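2 protein chains.
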Amino acid sequence: MIETPYLLFLGDAPDPLAAKVAQGIRDWRPDNAVGQYRMEGCKADLGLPDMTLAEAKAAGAKTLVIGVANRGGVISAAWKKVLVAALEEGFDLASGLHNLLRDEEDLSAVARATGRVLHDVRVPSVKYPIADGKPRAGKRLLAVGTDCSVGKMYTTLAMDAEMKNRGMKSSFRATGQTGILITGDGVPLDAVVADFMAGSIEWLTPENDPDHWDVIEGQGSLFHISYSGVTLALIHGGAPDALVLCHEPTRPHLRGLPDHPVPSLEALRDLSLTMARVANDRAEVVGVSVNTQHLSEDEARSYCAEVEARMGLPTVDPFRHGAGRLVDALAGL
Amino acid sequence: MIETPYLLFLGDAPDPLAAKVAQGIRDWRPDNAVGQYRMEGCKADLGLPDMTLAEAKAAGAKTLVIGVANRGGVISAAWKKVLVAALEEGFDLASGLHNLLRDEEDLSAVARATGRVLHDVRVPSVKYPIADGKPRAGKRLLAVGTDCSVGKMYTTLAMDAEMKNRGMKSSFRATGQTGILITGDGVPLDAVVADFMAGSIEWLTPENDPDHWDVIEGQGSLFHISYSGVTLALIHGGAPDALVLCHEPTRPHLRGLPDHPVPSLEALRDLSLTMARVANDRAEVVGVSVNTQHLSEDEARSYCAEVEARMGLPTVDPFRHGAGRLVDALAGL
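In order, the protein sequences belong to chains A and B.
The working numbering puts the first residue of the first sequence at 378, with every later residue one more than the last.
The working numbering puts the first residue of the second sequence at 378, with every later residue one more than the last.
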């Protein structure tokens with residue numbers, strides 16, 4: 378759908394976290410990223426060659442992907458200058474921003490005049506059905522978190538990669554804009570109309586070979602009141618056989634909700650399992666994925682060991698320790 | 378907003394339940410309903426005078442309200458014939474259907490030509506915020522159900538009416554098309570974009586007097602996989618102090634989901650309370666509302682008595698027994 382390879386636009390990213398879309402593409406589809414485009418003051422660096430538009434064009438790049446979040450939800454004049462130049466240079470544009478490229482009159486006009494395509498991957502392009510809850514062949518895994526942004530996408534991408542390495546049948550199923558930009562396909566769940574949320578996930582994970590795994594990217598958290606409905610639609614539409622619990626142990630409170638404490642992994646396990654079994658009575662929690670980026674190597678190892686002993690579940694940080702033990706845990710299912 | 382009184386269009390309703398929109402208007406705003414319009418094969422009957430368009434016009438009706446659901450999401454040619462004739466006759470049209478009147482080229486064209494208005498109450502007319510989970514003054518009650526269409530709207534309308542009769546401060550908060558058609562205001566939650574669901578309910582139930590009750594219409598069920606995400610957004614956005622459990626005891630399975638059994642009231646109580654306390658740790662279950670329409674008077678009485686003894690909660694069918702005991706149960710909160 379989106380022409381590859383990409384030039385990754387990092388804009389004026391205020392910090393590396395703001396460029397997590399670009400980082401995800403670079404980590405999981407490095408062959409798709411020929412270079413990075415950074416503006417003055419950019420605080421992110423993917424370690425890719427810095428390229429001008431002309432250099433990237435010469436290197437074969439087809440699409441400029443906006444790999445950075447925009448401040449205040451506005452596409453700034455400084456960004457526009459680059460985006461318009463990219464269209465003139467012959468690039469398509471792809472974006473997962475809330476405010477759409479197609480809603481910007483100047484970008485639309487230049488895209489029409491140059492015959493280039495604006496991909497707004499946040500906007501559903503499919504008329505999804507209402508979920509019917511019918512059992513379907515194939516196996517499904519879903520990442521659920523104690524909070525938003527704790528590593529659910531990373532965990533499922535890492536598991537999918539490990540499963541493919543082992544020759545298992547596996548498909549990463551993207552449910553957010555980053556995952557869609559990485560894989561070129563998926564459901565932008567947070568932009569789907571309420572009634573069709575669960576149906577969109579059934580659509581995304583259709584009947585398949587009995588030994589095929591859909592590895593579904595999680596969203597939000599059952600405990601995060603802003604987005605919990607999205608999470609539950611994902612659990613009930615995906616009807617997972619396997620759940621992986623995701624956690625970031627240093628958060629003072631839920632992201633964006635200062636009045637709301639982070640729940641325990643035990644609370645997440647119990648509530649997720651109860652909810653998953655409404656849709657699939659074979660659902661099991663198979664492991665724990667800890668995002669230890671704010672811990673030292675030793676702290677990370679001992680934290681994971683402590684959780685593993687306490688909960689009786691394989692516990693790793695897939696970034697540090699690999700996803701092998703989480704994939705091992707699927708053997709019995 | 379919508380001109381009254383109404384002629385209620387029942388179409389070719391396959392069963393009485395399909396006409397619940399019309400039934401709700403007839404029950405709660407009888408003065409607004411001058412008659413019903415039924416097509417051949419209609420299996421619903423509100424006990425209102427059957428009228429032709431001309432008869433209803435002569436009786437003073439201003440708006441033809443589509444009071445019946447069309448599963449499959451298509452406005453049929455047979456319906457169109459009546460709707461076009463109604464516009465020609467001088468009626469406005471009002472609808473809560475998923476597929477919009479305004480999206481039908483012929484209806485739009487005839488409405489323009491005749492100067493009539495098409496009201497699509499299902500379409501959000503507000504840009505809702507993302508929920509912030511901040512505590513706010515005032516009290517809130519929410520109806521939750523073991524299934525869809527078990528009487529949640531009826532229960533909350535009855536409680537609101539009873540509370541107003543007693544001089545309590547109370548506002549019925551509509552979250553679906555029927556409630557909106559009845560009261561002229563509310564959030565069409567199932568048509569809200571996923572990320573803004575909980576925020577729309579915070580918006581609908583803002584800070585208020587400490588002794589004011591928002592009586593919030595429920596939607597779906599935590600156990601109904603097609604719509605459970607909508608239900609959870611309602612629980613977390615509404616952050617209710619009081620929950621009323623709603624149940625219809627004769628269902629063979631969840632509505633539209635033949636593979637899914639109806640959960641017990643105990644399961645509903647436990648899961649709803651767990652979920653509600655994520656948002657509001659003072660949440661309590663205060664009573665049970667049973668829809669006994671398929672039971673005899675004796676069966677209804679003994680069923681409610683059995684549930685009341687088993688669960689230790691006031692249990693009534695508000696249609697048969699009034700909502701007084703459910704309102705009594707709010708006294709301590």
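By construction, these hints were calculated from the structure, which means they are not laboratory data.
Here the structure is a predicted model, which is why all the values come from computation and not from measurement.
Check before you lean on any hint, since a few could be wrong.
Computed cross-link-like contacts, BS3-like style, restricted to lysine-lysine with a CA-CA straight-line distance of at most 30 Å [as the list claims (entries may be wrong)]: (1) B:K511 to A:K397; (2) A:K504 to B:K504; (3) B:K504 to A:K397; (4) A:K504 to B:K434.
Quick one: which hint numbers does this structure break? Sort them smallest to largest. 4
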